[in-house]
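K.L.:
One-letter residues, chain by chain:
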Amino acid sequence: MSPAKWNIILKIHRQKQGEAPHFEEFPMQVDPDEYVLDAVERVWAFMDRSLCFRHACHHSTCGACGMRVNDVEKLTCITPIREVTRDGATLKVEPLRNFPVVSDLAVDMGTFYSRMETVGARAVLPVSEAEIENPPTTWDADESQYIRLADCIECGLCISACPAAATSTEYLGPAVLAGAQDQGLKRNLKLLELVDSEDGLWRCHSAFECTAVCPSFVDPARRIMDLRMQVIEERFKRLFRKP
Amino acid sequence: MEKQRNHPSPLKFWLWFNPIGRQAGGWAYILHRITALGLTFYLYLHLIVLGLLAKGPDGYDQFLVLAHSPLFVFGELLVVAAGILHGLNGMRIALTTLGVSVTRQKQLFFGLMAIAAIAILVFGIRMFTV
Amino acid sequence: MSKPHAIIIGAGFTGTATAHDLALRGFDVTVIERGDICHGTSGRTHGLLHSGGRYAVKDQESAIECITENTILRRIVPQVIEPNGGLFIALDESDLAYAEQFIESCEECHIPLEEIKPQEALRREPHINPRVLTAFMIPDGTFDPLRLALAFAGTAKRNGAKFRTYTEVKKLITDGKGNITGVNLLDLKSGKSAELYADIVVNATGAWAGEIVETVGVNVPVKPTPGVMVAFEQRFVQRTVNRLNKPGDGDIVLPQRRMVVVGTTSFEVDSLDYVPVLEDHVKLMIERGAQLIPAIAGAKIRGKYMATRPLIGGGEGRSVARTFKCYDHKEMHNLDGLVTITGGKATTLRAMAEKTADVVCTKLGINAPCVTAETPLLSYRQYYLQPNEDFS
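Protein chains in written order, with this note's numbering: chain F, 611 to 853; chain R, -7 to 122; chain Z, 97 to 488.
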């Protein structure tokens, strides 16, 4: 291992309060098998102590280090530099879209987390409660074959990638709707009015970008479609139910 | 104020058309929006042309001459193409919403687009040869 | 009478837990953190909710702390814990020889233990090494590191604690006689500086504790000891799996989300702010992990990372006790107004906070009992639902 080092330029979005946003370039030597977050952390450790960025677990459990890397939403702690750039090239790192920027790469998760709380999305589950929804026949199977919503790490990548979320502050967004689907209308009928609304399920316009960027294979798009079926079923039933 | 810059806003509708960093679903989304705008524009154009009828047969005959020019036929082909693309992509959206092929939406999209390409080709040949 | 004001430096496990404890005891609390919550060691911990089994033989003090706190945390913050239990498995003769001591020590520390047959162990966890000779079930668990700290921080916030993140402590302010009266701050979000005064400053910077107090010319015996961990892309086991032997490198595998994480190693460094993930340590983790779960050898790596433990006292690497210590600098260096809490493990965060708050209360002559063991924590999302403090 440890092959030749790469020389790259890390182009980082900078923005301090009262300042206009701009990019700052940090030329640095990296091991291509390092992760993007390692490079960002080194900028903080050795080049600019004022760099603000969120991170915690460094292995895709916490969901704090979501950023836009060369215009694509990535969980930087598990994105090897080799996969997103090449020797001698520039690597652009920006904060997630559709979240207020606190400073530099750090964004404010307040609204997003309050919506996750509203729909009662569960986060850490005992295995007995976290059923695998489509279990593979063998455990050597491709990981993407099975999904558990308990894997949603609330990183916000889906909200950043969603084109519908770009134009509406009120849209609940993929992760939140996925959280509602995990609850299910059968379990929590109160969710019906919330998700069956202008800013709920029906604002999704089937771009499937949420599923494309999700680092945890939670497949929010499929969950939104499933929740639509649940809503249609519930509304249909009510047509025939005596008041 | 700076905090708001990264906020969602209706003024950011141009992001709908930004293909950078997008994948199949995103391209389908962009295609759907562009074809919809094109068809809406055509609808108004169509109404204006129909309005020519009210000016009597002479005006309409003049228009018919124009309508046979290759540029005009090409424009018509664009309308047909937009209709086919929008219609077939709409089927993808309807199907996935109903839970059909959700995990295979990419393949569904490419399959439908292949059908669209063939249909557009057939229409193109017919329109320019007849 | 106005509330006593405490400044806590560091929003890792100890900082957030101490904020929670002091807020409940009626303090006005301000937490200063140069990054976001869990910027340093805490976020990168293994995530093992220790039952104490690992320490039972060599370090009973830590083991008892672990089982006590394990039980309390399951009660007060179940929302961030997977209480799936853990296995200690024996793979060779030396492991079997260790078993006797292990059973005895666990009994002494009141750690519930259930011996299970190899077939039963393999039935519960089909991916463990089929050569397993015997196995013990213990009440280990796993927790989500960031969310554990957020639960404490969020609850503290609801009780009035203020958090200033992306704010660096530039220096400790002294009264001329050497006593600490506050801190000099730099807000990294705006570049603005400020001074903040308090009745007590708590240094909860873990592995960095020495760096902070160095600025006022004293030291604390904390020894930063990083370790490497490797996460694999498949959840091979549902419970933690430990090697039934003396604690060593790469002898714990635990499930997190859809992964398993193997840890850890132990080495020393000079610079703390960035510690490289050593490639030979990664190899060792794959090798050792594969002894416990053979499939790890061929599994895809999802992440490689390291965390720097704050170990206290003398000794080398793993021989250092894993307990914690709260230093009152008045007693140690005749410096009033400053308390340092360091050492310990994530599992004992609440106990560390209790001890620290006790010391603080005694110093300030405040009579308020600790109630954190009986106070359920709120949702970790509460932290984000309330805005942080800013300079305005």
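Since the hints were derived computationally from the structure, they do not count as laboratory data.
Among the hints, a few may not be true.
List time: in silico DSSO-like cross-link candidates among lysine-lysine, alpha-carbon distance up to 27 Å [to be verified]:
1. Lys98/R - Lys267/Z
2. Lys847/F - Lys800/F
3. Lys626/F - Lys154/Z
4. Lys98/R - Lys626/F
5. Lys621/F - Lys98/R
6. Lys626/F - Lys288/Z
7. Lys154/Z - Lys342/Z
8. Lys267/Z - Lys396/Z
9. Lys615/F - Lys379/Z
10. Lys852/F - Lys800/F
11. Lys258/Z - Lys288/Z
12. Lys396/Z - Lys615/F
13. Lys266/Z - Lys342/Z
14. Lys379/Z - Lys342/Z
15. Lys99/Z - Lys342/Z
16. Lys288/Z - Lys621/F
17. Lys459/Z - Lys99/Z
18. Lys288/Z - Lys266/Z
19. Lys4/R - Lys702/F
20. Lys421/Z - Lys258/Z
21. Lys702/F - Lys615/F
22. Lys267/Z - Lys626/F
23. Lys459/Z - Lys426/Z
24. Lys266/Z - Lys421/Z
25. Lys379/Z - Lys266/Z
26. Lys319/Z - Lys342/Z
27. Lys800/F - Lys702/F
28. Lys266/Z - Lys626/F
In this text the structure is predicted, and so the values were computed from the model without any measurement.
K.L.:
Next step is simple, just say for each hint if it's right about the structure.
P.N.:
Consistency of the hints with the structure:
1. Lys98/R - Lys267/Z: violated, 56 Å
2. Lys847/F - Lys800/F: holds, 16 Å
3. Lys626/F - Lys154/Z: Violated, at roughly 50 Å.
4. Lys98/R - Lys626/F: violated, 40 Å
5. Lys621/F - Lys98/R: violated, 32 Å
6. Lys626/F - Lys288/Z: holds, 10 Å
7. Lys154/Z - Lys342/Z: Roughly 8 Å separates the two Cα atoms, so the pair holds.
8. Lys267/Z - Lys396/Z: violated, 45 Å
9. Lys615/F - Lys379/Z: Holds, because 19 Å separates the two Cα atoms, which is no more than 27 Å.
10. Lys852/F - Lys800/F: holds, 19 Å
11. Lys258/Z - Lys288/Z: Since the Cα atoms of Lys258/Z and Lys288/Z sit roughly 18 Å apart, the hinted pair holds (cutoff 27 Å).
12. Lys396/Z - Lys615/F: holds, 22 Å
13. Lys266/Z - Lys342/Z: Answer violated: Lys266/Z to Lys342/Z is near 42 Å, above 27 Å.
14. Lys379/Z - Lys342/Z: Within the cut-off at roughly 21 Å; holds.
15. Lys99/Z - Lys342/Z: Given that 27 Å is the threshold and the Cα spacing comes to 48 Å, the pair is violated.
16. Lys288/Z - Lys621/F: Holds. Lys288/Z to Lys621/F sits at ~25 Å (cutoff 27 Å).
17. Lys459/Z - Lys99/Z: holds, 15 Å
18. Lys288/Z - Lys266/Z: The given pair, whose Cα atoms are some 12 Å apart, holds under the 27 Å limit.
19. Lys4/R - Lys702/F: Holds: Lys4/R and Lys702/F sit about 21 Å apart, inside 27 Å.
20. Lys421/Z - Lys258/Z: holds, 25 Å
21. Lys702/F - Lys615/F: Status holds; Cα separation ~19 Å.
22. Lys267/Z - Lys626/F: Judged against 27 Å, a Cα distance of about 22 Å means the pair holds.
23. Lys459/Z - Lys426/Z: holds, 9 Å
24. Lys266/Z - Lys421/Z: holds, 24 Å
25. Lys379/Z - Lys266/Z: violated, 39 Å
26. Lys319/Z - Lys342/Z: holds, 21 Å
27. Lys800/F - Lys702/F: violated, 43 Å
28. Lys266/Z - Lys626/F: The given pair, whose Cα atoms are some 19 Å apart, holds under the 27 Å limit.
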